[in-house]
Amino acid sequence: MRESSDAKLVLAIARYRQEALAEAYRRHGGACFGLAQRLAGDRSFAEEVVQEVFLRLWNQPDKFDPDRGTLRSYLLAQTHGRSVDLVRSESARRRREEREARMNAESGYDLEREVWDLTLAEHVREAVSKLAEGERAAIELAYFGGHTYREVARILDQPEGTIKSRIRSGLTRLRSELETSEAMGRG
Amino acid sequence: MAELQREELHALLGAYALDAVDADERDQIERYVETDPRSRAEVESFREVASMLAMSGADAPSGIWDRIVGEIDGEQHDLGSSDVAPPLLATPIFERKQARESARRSVGWRWVGVAAGVAATLIAVLAVQVLRQNDRIDRLDVATSGESVRRGAEAASTAPGSHTVSLTADSGAELASIVLRPDGTGYFVSKGLDAAPAGEVYQLWALVGDREKPEAISAGVLGKDPGVAGFRFSAPVNGFAVTRERAPGVISSLQKPELTGVVPA
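If you're matching them up, the sequences are chains G and L in order.
Counted the way numbering that gives the first Met the number 0 counts, the first sequence spans residues 0 to 186.
Counted the way numbering that gives the first Met the number 0 counts, the second sequence spans residues 0 to 264.
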């Protein structure tokens with residue numbers, strides 16, 4: 000099972016092979032949990048999101064289309080979307096504001112510190128380092144902060160159009176750098 | 000909110016990929032990317048990039064896995080032993096509490112047309128909803144090759160109460176058959192089915208439910224050049240179909256069946 004491709008793994012999940020779901024969890028559960036916890040700043044919240052994401056994979060494996068991307072990308076997108084939905088709810092917003100206040104007092108965001116994978120971290124760090132500061136801040140606040148581009152515009156005191164452009168150009172630049180380093184599609 | 004123009008939608012693709020748009024914008028962008036393959040590909044590539052930013056070397060917490068297992072009611076159900084059962088049937092299959100309790104879920108794809116040459120009921124099927132294993136067939140698995148499978152198929156073909164279903168191509172040629180035992184064991188037996196082209200495999204589907212509008216459930220991947228395969232079922236099956244799919248097989252399919260066969264009522 001450890002050697003199985005994403006497609007094989009999900010096919011096995013569709014056939015109720017629990018060991019296949021366990022392998023998907025082994026591969027990607029840590030990243031999903033880290034992302035959810037980063038967005039919410041709350042362990043129990045992150046656990047709830049990750050549980051929901053993997054149960055969804057179990058119940059609806061057909062939602063994953065290997066032609067559209069990797070299983071990692073799919074699961075992290077699910078995790079991110081669900082986390083953001085919850086974070087944007089009023090009760091969670093209060094928690095986040097308290098957390099942000101604490102974090103700002105301690106260290107603030109640092110995109111590079113989010114990248115831990117031992118084999119790919121260097122490529123990703125290098126790609127991130129090539130972003131313009133404005134691109135980096137916009138992506139960081141949107142992705143790890145869970146903010147909409149409008150909120151990011153207010154936080155950075157920039158026009159909304161500028162933030163839209165910076166997010167898109169930053170992602171395009173990251174993609175290009177990661178493709179050049181052949182890091183895309185790995186992991 | 001006013002309808003966004005194409006340029007505006009395009010400008011928002013990056014923010015959309017990061018879930019950084021408002022709900023009404025998200026709805027519009029979702030509709031847009033579904034109709035524009037290039038935009039969809041761009042969003043997918045952005046999500047791939049974002050996923051790399053989120054990678055972590057940390058292990059997944061084991062406590063969450065325990066809760067997931069608890070939720071899916073991961074109680075193993077031994078299919079039991081049988082002297083004719085294919086070897087893979089001993090592999091634990093996990094029955095799902097939710098599957099028993101909830102309504103069947105369509106996986107959202109259809110076969111457009113089922114091969115002619117079989118009973119009128121199947122010919123009439125123009126859109127077959129394909130489902131995953133559910134409360135009606137909750138123990139369906141396939142085992143291919145192996146001497147014990149071959150022996151099981153031979154024994155089944157002459158066992159009292161067994162019956163055989165011909166699987167025919169559009170031309171009417173019988174290229175395979177299914178032998179069904181009353182104990183819920185079934186065997187697929189090829190009769191000259193050509194090997195699948197490179198990169199493709201054959202996949203077996205069971206047709207269940209309403210005979211006028213049967214539902215199909217994946218019964219397993221038969222491989223590139225199937226000979227004999229065994230499977231088990233625990234609910235009435237009305238027919239079978241075999242499709243050719245991209246390896247390693249699919250959860251859902253849009254392929255027209257290569258072979259079909261009807262189980263007599």
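FYI, nobody ran anything at the bench for these hints, they're computed from the structure.
Hints may be right or wrong, so weigh each one.
Straight-line distance between alpha carbons at most 30 Å, and here's what the computed DSS-like set of lysine-lysine pairs gives [claimed, not checked]:
no.	chain 1	residue 1	chain 2	residue 2
1	L	Lys223	G	Lys62
2	G	Lys7	L	Lys190
3	L	Lys255	G	Lys62
4	L	Lys190	G	Lys62
5	G	Lys7	L	Lys223
6	L	Lys212	G	Lys129
7	L	Lys190	L	Lys223
8	L	Lys255	L	Lys223
9	G	Lys129	G	Lys62
10	L	Lys190	L	Lys255
11	L	Lys212	L	Lys255
12	L	Lys190	L	Lys212
Just so you have them, the derived chain G footprint on chain L, three or more residues with Cβ under 8 Å [claimed, not checked]:
no.	stretch
13	13-27
14	32-45
15	177-191
16	206-217
Here are the simulated distance ranges between beta carbons [to be verified]:
no.	chain 1	residue 1	chain 2	residue 2	range
17	G	Arg67	L	Ser156	40 to 50 Å
18	L	Gly69	G	Thr161	23 to 33 Å
19	L	Gly198	G	Arg55	22 to 32 Å
The C-beta atom is built at its ideal place from N, Cα and C for all residues, glycine as well.
Going through the hints against the structure:
For the given pair, L/Lys223 sits about 25 Å from G/Lys62 by alpha-carbon distance, which is consistent with the 30 Å threshold. Restraint check: the Cα-Cα separation between G/Lys7 and L/Lys190 comes to about 28 Å, which is no more than 30 Å; the hinted pair holds. Of the pairs offered as hints, the one joining L/Lys255 and G/Lys62 holds, with about 21 Å between alpha carbons and a cut-off of 30 Å not exceeded. Taking the CA atoms of L/Lys190 and G/Lys62, the gap is about 35 Å. The hint is violated against a cut of 30 Å.
Restraint check for G/Lys7 and L/Lys223: the C-alpha separation of about 15 Å stays at or below 30 Å, so the hint holds. The suggested pairing of L/Lys212 with G/Lys129 is violated, with an alpha-carbon distance near 57 Å, which exceeds 30 Å. Distance hint between L/Lys190 and L/Lys223 is fulfilled; the C-alpha atoms sit about 14 Å from each other, no more than 30 Å. The hinted pair formed by L/Lys255 and L/Lys223 meets the criterion: a straight-line CA distance of about 17 Å does not exceed 30 Å.
Under the criterion of a C-alpha separation no larger than 30 Å, the hint pairing G/Lys129 with G/Lys62 is inconsistent with the structure, at around 34 Å. Taking the CA atoms of L/Lys190 and L/Lys255, the gap is about 20 Å. The hint holds against a cut of 30 Å. With a C-alpha separation of about 16 Å, the suggested pairing of L/Lys212 with L/Lys255 holds against the 30 Å cut-off. Between L/Lys190 and L/Lys212, the direct Cα distance comes to roughly 28 Å. Compliance with the 30 Å bound is thereby established for this hinted pair.
Judged by the Cβ-Cβ criterion of 8 Å, the stretch 13-27 of chain L is covered by chain G as claimed, because 8 of its residues qualify and three suffice. Residues of the stretch 32-45 of chain L with a Cβ under 8 Å from some Cβ of chain G number 4, which satisfies the need for three, so the listed coverage holds. Counting residues of the stretch 177-191 of chain L whose CB falls under 8 Å from any CB of chain G gives 0; the rule of at least 3 is not met. Coverage of a stretch by a chain is defined here by at least three residues with a beta carbon nearer than 8 Å to that chain's beta carbons; for the stretch 206-217 of chain L and chain G the count is 1, and the condition is violated.
For G/Arg67 paired with L/Ser156, a C-beta distance near 44 Å keeps the hint of 40 to 50 Å intact. For the hinted restraint 23 to 33 Å between L/Gly69 and G/Thr161, the CB-CB distance of approximately 48 Å leaves it violated. Taking 22 to 32 Å as the suggested C-beta distance range, the pair L/Gly198 and G/Arg55 conforms, at roughly 29 Å.
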